[in-house]
Amino acid sequence: MIRFLANRLLGMVVVLFLVCLFTYVIFFVLSPDPAVQICGKNCTPEAIDQIRANLGLDQPFWAQFWTFLTGLFTGRTYGTGVNAIDCAAPCLGYSFQTSQPVFDMILQRLPVSATVAVGAAVLWLLAGVSAGLLSAVKEGRFADRFITGLTLTGMSVPNYVLALTLQFLLVVTLGWLPFPRAVPFSEDPAQWFLNFLMPWIVLSIGAAAVYTRLTRANVIETLQENYVRTARAKGLSPGLVWRRHALRPALTPIVTIFGMDFAGLLGGALITETVFGLNGIGKLAADSITKNDQPVIMGVTLLAAFLVVVGNMVVDLLYTAIDPRVRVGSAT
Amino acid sequence: MTTSEQDRPLLRVRDLTVGFTTAAGDVDVVKHLGFDLARGGALGIVGESGSGKSMTSLAIMDLLPKGARRTGSIELDGTELTTLRERQMQAVRGDRIAMVFQDPLSSLNPYYTVGTQIAEAYRAHRTGVTRRQARKVAIEAMERVHIHDAARRVDHYPHQFSGGMRQRVMIAMTLSMEPDLIIADEPTTALDVTVQAQILDLLAEIRRDTGAGLILITHDLAVVSEVADHIVVMRDGDLVEQGTAERIFCDPQADYTRMLLDAVPRIDDEIGLLRTTTTEEDR
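Order-wise, the sequence lines are chains A and B. Just so we're aligned, residue 1 is where the first sequence starts under the UniProt record's numbering, counting upward by one. Just so we're aligned, residue 1 is where the second sequence starts under the UniProt record's numbering, counting upward by one.
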């Protein structure tokens, strides 16, 4: 078990290192010169050189990358002398637009994205798994066909269409939901909840459709397994056969894709957050892309990669707990 | 018990027909099958794949695939099974008729320890059984099928057992309930030849010790010859012939049975083409 963990951790470090390397290349080497952008309209070659030196862009690539990497763990200092700016670890640099530390910007927005992600995940898990179960039980009958049709729609409708349509219908036309207004949970929990309701629904529909299909297929497949027949041959009641012998094997694969989906969503929902004006990481990413704010884009990218890698690791660990066949080091 | 009850067969199957409705029309995979199994007797049902022998066993258990039709009569110790409700049938399955399936790996749930799976039937049929009691029953059942170190292995998962051991676990599963009838559907087909013999010995031993009736379903005449005292030969859902094992082996009446017997390779045979079971009419 310890060896397995160590292997996984090592793999994680390698993947994250490569992600850092590629994002650094993309955002600082292949992109337009950041120094020119910071310098603005009235710029002299001297000013550009000065900015370059401050950002460390005058260094060779590997030196720059090394400073960036060490900055993540130990912090770094931009510039020298009186103009020196200390960037504490984990240092992702400063926004070109607001001059705020990127890490702080991300940290500020994380709660909103986390709220969006958790709510949506709960919704799509509940909706997807239960619709999938129902569909499997009623295989071939009207309910099954109806749900299958619904999932097709759910998978095909783009997020922004759904978001705008819902907003228009529920808020403008029907007036069922109040106009969104940013309030902290502690101030007005009801308004807070209603604010998040639409983003939750929008984000969960597509995933719920996928989970419905997956659950349906898994359950139907598992019910054909020989061990389900064995369970029935033992005289177990249909409920017991279902609960004990069909559900657990059928739902295990859901854990895998759930971990990945959830981690991905934590890293920000670009479109949905933008449409609903939620100040999450997705919105931050969208804003910084339009303004070419490279340190922020890079910070958000790294965060997303980090979350997915960690999510993957958590899934692997969960799997060893759920599926005895994956348990490592068990005697034969 | 009166004499008539003692004479009554343990299992009496009459006019059993199993059919499916397909796009090409109705297909009967078992046609008007009838046989008796004496109390404590061992019946071998022999036939090629597709002869309907497995469907017969599933029909007795009322575990046929969805969409299957079943008509005829199946009497277990005087009780008509075909008219039982699902709930009543659940009480019969596992408790009075237990089944051993062909592929012991896929027939065991990979997510639970073998102990849990053995104890499960016991807990389902006996009310007020504690976890500890059920575990004890599981260990005893494992000891009866000669799994060494049962007290430790009871907590292992199916994938930690070899093929033969898994089949022992399957048999242990049937034992915990002391059933009147054990149906073994190709119990040795997925196993090595040496292990096959051990499993057959085990089945014979259990029959001797518990007095349970045994239905052994197989395509392998060598297997039936070791265990069964009565044999039913099936082909394409039809009953070809039935009789005592001795009679079937020494004096087969039907051409098909003779061909099946001829198809068994013998050590004293001349080397030649493998014999098939195709008759003149099939050509």
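In case anyone wonders, no lab produced these hints; they're calculated from the structure. Even for Gly, the Cβ is constructed at its ideal location relative to N, Cα and C. Hints are supplied without guarantee of correctness; some may be wrong.
Non-contacting residues of chain A with respect to chain B, defined by C-beta distances greater than 10 angstroms in every case (computed) [what the hints assert, rightly or not]:
#: 1; residue: F4
#: 2; residue: F27
#: 3; residue: I48
#: 4; residue: V82
#: 5; residue: V171
#: 6; residue: W176
#: 7; residue: Y227
#: 8; residue: A233
#: 9; residue: G235
#: 10; residue: P238
#: 11; residue: L240
#: 12; residue: H245
Cβ pair distances, simulated, as ranges [said to hold, decoys possible]:
#: 13; chain 1: A; residue 1: S237; chain 2: B; residue 2: R69; range: 22 to 32 angstroms
#: 14; chain 1: B; residue 1: R87; chain 2: A; residue 2: V122; range: 48 to 58 angstroms
#: 15; chain 1: B; residue 1: T127; chain 2: A; residue 2: L169; range: 53 to 63 angstroms
Consistency of the hints with the structure:
1. Every C-beta of chain B lies more than 10 angstroms from that of F4(A), the closest at about 17 angstroms, which supports listing it as non-interface.
2. Look at F27(A): its CB is around 46 angstroms from the nearest CB on chain B, clear of 10 angstroms, so calling it non-interface holds up.
3. Its beta-carbon lying about 64 angstroms from the closest one in chain B, I48(A) satisfies the requirement of being farther than 10 angstroms from that chain.
4. Against chain B, the non-interface label of V82(A) holds: every CB pair exceeds 10 angstroms, the least being about 66 angstroms.
5. Distance check for V171(A) against chain B: the nearest CB is about 46 angstroms away, which clears 10 angstroms, and the non-interface claim stands.
6. With a least CB separation of 43 angstroms from chain B, W176(A) remains clear of the 10 angstroms interface cut-off, as annotated.
7. With a least beta-carbon separation of about 4 angstroms from chain B, Y227(A) fails to lie farther than 10 angstroms from that chain, contradicting its non-interface assignment.
8. The claim that A233(A) is not at the interface with chain B is violated, since a C-beta of that chain comes within 10 angstroms of its own (minimum 4 angstroms).
9. Non-interface call for G235(A) relative to chain B: violated, since the shortest CB-CB distance, roughly 3 angstroms, does not exceed 10 angstroms.
10. A beta-carbon of chain B is positioned within 10 angstroms of the beta-carbon of P238(A); the least distance is around 8 angstroms.
11. Chain B draws L240(A) into its interface by the beta-carbon criterion, the shortest separation being 7 angstroms against a cut-off of 10 angstroms.
12. With 10 angstroms as the threshold on Cβ separation, the claim that H245(A) sits away from chain B is violated: the shortest Cβ distance comes to roughly 6 angstroms.
13. Distance hint check for S237(A) and R69(B): the Cβ-Cβ separation is about 24 angstroms, which falls inside the suggested range of 22 to 32 angstroms.
14. Range check, R87(B) to V122(A): Cβ separation about 37 angstroms, and the 48 to 58 angstroms hint is violated.
15. Between T127(B) and L169(A), the C-beta spacing of about 55 angstroms keeps the proposed range 53 to 63 angstroms intact.
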